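Here is how the chains run, residue by residue.
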Amino acid sequence: MSEGVPSALAIVAGHADFAEGMVSAVEQITGRGDRLVAFSNRGLSAQGVEESLRALMEEHGVRVIFTDLPAGSATLAARRIARTRPEVMILTGVSLLPLLQFATRVGPADREQLLTDAERGRQALQLTDAPSAPAPGGGKERGN
Amino acid sequence: MGIELYRIDDRLVHGQVVLGWGQPLSLGFVVLVDDQVAVSDWEQELYRMAVPPEMDIYFSSVADAVGRLPGWQEDTRKGILITGDIESMSRLVQRASRIAEVNLGGIHHRSDRAQKLRYVYLTRDEESALRALTARGVEVSARDVPASRAVPLSELLDGGGGT
Chain Y
1 MSEGVPSALA IVAGHADFAE GMVSAVEQIT GRGDRLVAFS NRGLSAQGVE
51 ESLRALMEEH GVRVIFTDLP AGSATLAARR IARTRPEVMI LTGVSLLPLL
101 QFATRVGPAD REQLLTDAER GRQALQLTDA PSAPAPGGGK ERGN
Chain R
145 MGIELYRIDD RLVHGQVVLG WGQPLSLGFV VLVDDQVAVS DWEQELYRMA
195 VPPEMDIYFS SVADAVGRLP GWQEDTRKGI LITGDIESMS RLVQRASRIA
245 EVNLGGIHHR SDRAQKLRYV YLTRDEESAL RALTARGVEV SARDVPASRA
295 VPLSELLDGG GGT
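Keeping their order, the protein sequence lines are chains Y and R. Numbered as in the working numbering, the first sequence ends at 144 without a single skipped number. Numbered as in the working numbering, the second sequence ends at 307 without a single skipped number.
Next up, chain R with everything else stripped away, as it sits in the complex (with noise of 0.2 Å):
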């Protein structure tokens, strides 16, 4: 088991990740990979409040996560692992082993972004790197939550993704 998905979701830990994912995947955690949140006690809190009791939910930088991550990935329960950032992800990629598939869950609008799918919006920069993961071997497709089609990165980048 251990960690079922590495997802790039803006919105954190939210009822996509905690409903949507966590009940068919029967989620016992969810690690989140964020510099700001792990170094603060009220975001934490915040988030604790938002998961179920019976799922914990850990918080690292991603500099700690690198570390921390095989313990996660051998742990007997299933997890995900979120960023609110590609930046943030590939950062762990590239120091990591062992992530084979990254989810774009939802990267959001914002003046400097285009649109590619209805929660998906990405920079020129953002394209770069999404397409730098995937020449480290990395599958990246789009699926906001496990009913929708999982959208491949070429396909998304082509413009042919849909909604």
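One chain only, chain Y, in its complex shape (with noise of 0.2 Å):
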């Protein structure tokens, strides 16, 4: 543990109520919703996506930003945030599972453990499928 570090806070940026449903999740999962600002495009031209969002940065001191679509107006505005705040750090195309690593980590975030936690929500995309039934006569019994 970190003591004494404060922990980052991220913004959350997407279509209609995609982050807030994150952020709930985030916080029934870990109860570290609060490491997260929820943001939503909806009703807002692009002009407006980026000034919301850069005041809602500015409000919060953050400097990370999950956003749902690479093609999304939350993204592009992101991008041109960052174009004048180098230090400013988007990670596109989120998931569940990177905002719970974020959420959960103690101290300042870095592009290191971004990147890292990127990996983790790739690896969680997976197609699963149901166990194969066992062959006739030849499967375990179950114990009831």
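Just so you know, the hints here were simulated from the structure itself, not pulled from any lab data. For clarity, every value in this text was computed on a predicted model and none was experimentally measured. Beta carbons: idealized from backbone N, C-alpha and C, even for Gly. Do not take every clue at face value.
What the hints assert, rightly or not - Calculated from the model, a selection of chain R residues having no Cβ within reach of chain Y, i.e. all distances over 12 Å:
1. Pro196
2. Gly211
3. Arg212
4. Trp216
5. Gly281
6. Glu283
7. Leu301
Stated by the list, open to error - Computed, partial: chain R to chain Y, Cβ under 8 Å:
8. Val157
9. His158
10. Leu190
11. Arg192
12. His253
13. Ser255
Using the hints, build the complex out of the two chains.
Right under this line is the structure:
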């Protein structure tokens, strides 16, 4: 534990209720939803998204932004902001697992950690099949 | 094939365009007609990063688009042409031929605009500009994504467009 080192905040930005839902899930799983600030692009022009996102970053002192779609308006706005603020880090295509990693980490955020979080998210994307049924007569009996 | 949709959207290239329309239409290219983006390499690179690798994106000013439009209209792939405001699309329609329909995809809230739909807000001047388009024979309707109903301009301006 790095006691005394303030933990980083991040913005989760996306379409409709995506961010709110993600933050809600992080809160339910870890109790650390307070590490994330939800932002929706709903009803905003490109300029409105950028202005609102910029204001939210200033308000919370945030330099990490998670977004849903690489092509989304929130991502484009974040990239515009990062153009003049090189310390800003953007992770696009975010899913729940990277947010959980971020929210439970202590201390300031850095690029290497975000890359690790992104990789965890990629690894969590799996097409899972149901276990195949045992061959007739070949399966172990299950106790009850 | 060629250009399947002429869209006015103040977010320009974003999720609704690339995925919402791009997937069902199997879009091969996007044309972004915007005088500011047309002269900014940085803005163009930003939008290039927003489209998938199998999709081309072309940038043009309104003036240049007039001459390039026939080529895009004859393209063997499907495309979408976007302007960020009504004024740019109006200028294009006035100077180009064969634009029969215009889609209002997203014109968002501003203090001098009145809400017409969840995703369409208009000033009086913008209403007039859209009426002028219809007077030229262009069919104007609002539709943010393919799954939603196209709301004709007449219905939109009469306030019966729903959400």
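- Task: Check each numbered hint against the structure and report the violated ones by number, ascending.
- Result: Checked against the structure, the hints that fail are numbers 1, 11 and 13, while the rest are satisfied.
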